[in-house]
Amino acid sequence: MKLRPDIKDNAKTASIRLFSFLFFFTLLSACAPSDIVIEGSLPVPMVKKIPVRIGVHYPDAFANFVHTETSKEIGAWRIDFGEQNVGFFRALFSSMFTEAVILENWDSDIASVSNEDTQAVLVPQITKYGFLTPFVSGLGFYSASIEYDLTLFDSRGATIFNWTVVGYGKSEGKAFAKEEAVEQATLLAIRDAGARIAIEFDKQKAFKSWFDNLEKAENGS
Amino acid sequence: MAHKLKAYRLGLLVIVFILAGCASSRVEEFRATETGMALGEGLVLLGRASFSDNETKESFTDCMADSLKGGDRPLRVVPQKMFRDNFYPWFEPRVEPTSAEELKKLFMEPGVKDLIASSNIRYIAWIEGDTVRVDDGGTMSCTIGPWGGGCLGFSYWEEDASYKATIWDLEKMISAGQISSDSRGTSYIAGVILPIPILARPGNAACNALADQLRQFLTGS
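These protein sequences, in sequence, are chains A and B. Be aware that the first sequence starts at 1, since it is given in the numbering used here, and climbs by one per residue. Be aware that the second sequence starts at 1, since it is given in the numbering used here, and climbs by one per residue.
The following block holds chain A by itself, in its conformation from the complex (with noise of 0.2 Å):
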């Protein structure tokens, strides 16, 4: 059976049309900056609790922080850590501390009359944090890894001790949800520095040679 002329044309514009929407669309989809909010639930820690009243300061930086990054590699990428890192911390402390207390004016030049009667003053800090995808480690999965620095200050603000720890994930991705496996990556990370923090918080040796004293000062000893 032989087609007419004008429907053999019309079909096959309609091919060529088709062709070149994916074509294009497949081209925007890759040029297309990724922008991610951070979302997910993090588990609160099921740690024994310090017998500490501590205050906790938040400064801008931690609480809105946003890593961007353009690469020929990768692209251009926004990712907005959102609500989840104070969140998380939030939930993490007040479930390490006996009392957990957000000092959100807080300076260790004025921490005397700013520290509403705590006995030390914590401030997490975001001081790194950067993220792979397949194509740039040549791995078969997406990692994120944050360093967090955490100063604890006494409550005249003399610096008590100052840790810096490593968080890292992965996730193994799906195609066409980079965006999510990042994401997912991140969320691990901050969950594994997490778990570290309340693990090894009370063991750091600065902070039991304050701990000793502060108990001691307390009990009159």
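A portion of the hints provided could be inaccurate.
Quick list of simulated restraints, FRET-style, between CB atoms [said to hold, decoys possible]:
id: 1; chain 1: B; residue 1: Asp62; chain 2: A; residue 2: Ala76; range: 28 to 36 Å
id: 2; chain 1: A; residue 1: Thr98; chain 2: B; residue 2: Ser119; range: 22 to 30 Å
id: 3; chain 1: B; residue 1: Glu29; chain 2: A; residue 2: Ala217; range: 56 to 64 Å
id: 4; chain 1: B; residue 1: Tyr156; chain 2: A; residue 2: Phe161; range: 35 to 43 Å
id: 5; chain 1: A; residue 1: Glu39; chain 2: B; residue 2: Gly111; range: 53 to 61 Å
id: 6; chain 1: A; residue 1: Phe161; chain 2: B; residue 2: Lys104; range: 24 to 32 Å
Cut-off 30 Å, straight-line C-alpha distance, at most; resulting in silico cross-link-like pairs (DSS-like, lysine-lysine) [unchecked claim]:
id: 7; chain 1: B; residue 1: Lys172; chain 2: A; residue 2: Lys208
id: 8; chain 1: B; residue 1: Lys113; chain 2: B; residue 2: Lys172
id: 9; chain 1: A; residue 1: Lys48; chain 2: B; residue 2: Lys81
id: 10; chain 1: A; residue 1: Lys178; chain 2: A; residue 2: Lys72
Since the hints were derived computationally from the structure, they do not count as laboratory data. Even for Gly, the Cβ is constructed at its ideal location relative to N, Cα and C.
Given chain A, work out where chain B should sit, using these hints.
Leaving out everything else, chain B in the frame of chain A:
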């Protein structure tokens, strides 16, 4: 008509056999103590994390959990994510116990032993291993254009799925034994206009073999 139907069924059966490919499995077991599971007791399968490329994927432990929960003698399997969340931070990849001795120490942490008892979890099975490609060859090229597309050529790849389950008895606080499973299979893909895959699934074979042996190990039947 009946002959035609028979030939059609036979053809379909042959195609299914060809497309399924084949994988061979070998299972080994080492038992250190007697085991058994009372009514209501459960187990949890935890993938051992190594932060390398060859890490037990969640899909493998999920496959084993599905296999153990099904069949004639279903076992109560506690979901891995729920377990890690409930026991956070103690079973996170970088802090999880690596020996029965460390498990004993972990049980001394507040709340851990009670939560294990209230969850009625009798065993932890640590799953280690991965599926890796050990050989491949052949060539195949595919083209696509506005007028259609097609593939021509032949390629194959051989995969090895090697996994190990280490079982901890939480009642006796000892390592109850170890089971390992090794499966190998070669997959083919032939391009004759359309690509025809003949897939072996050694990962799936290893999952089922390990799950069956684990059930037998725990229940003795």
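Practice task
Tell me, in ascending order, the numbers of any earlier hints that this structure violates.
Solution key: Failing hints, ascending: 4, 5 and 7.
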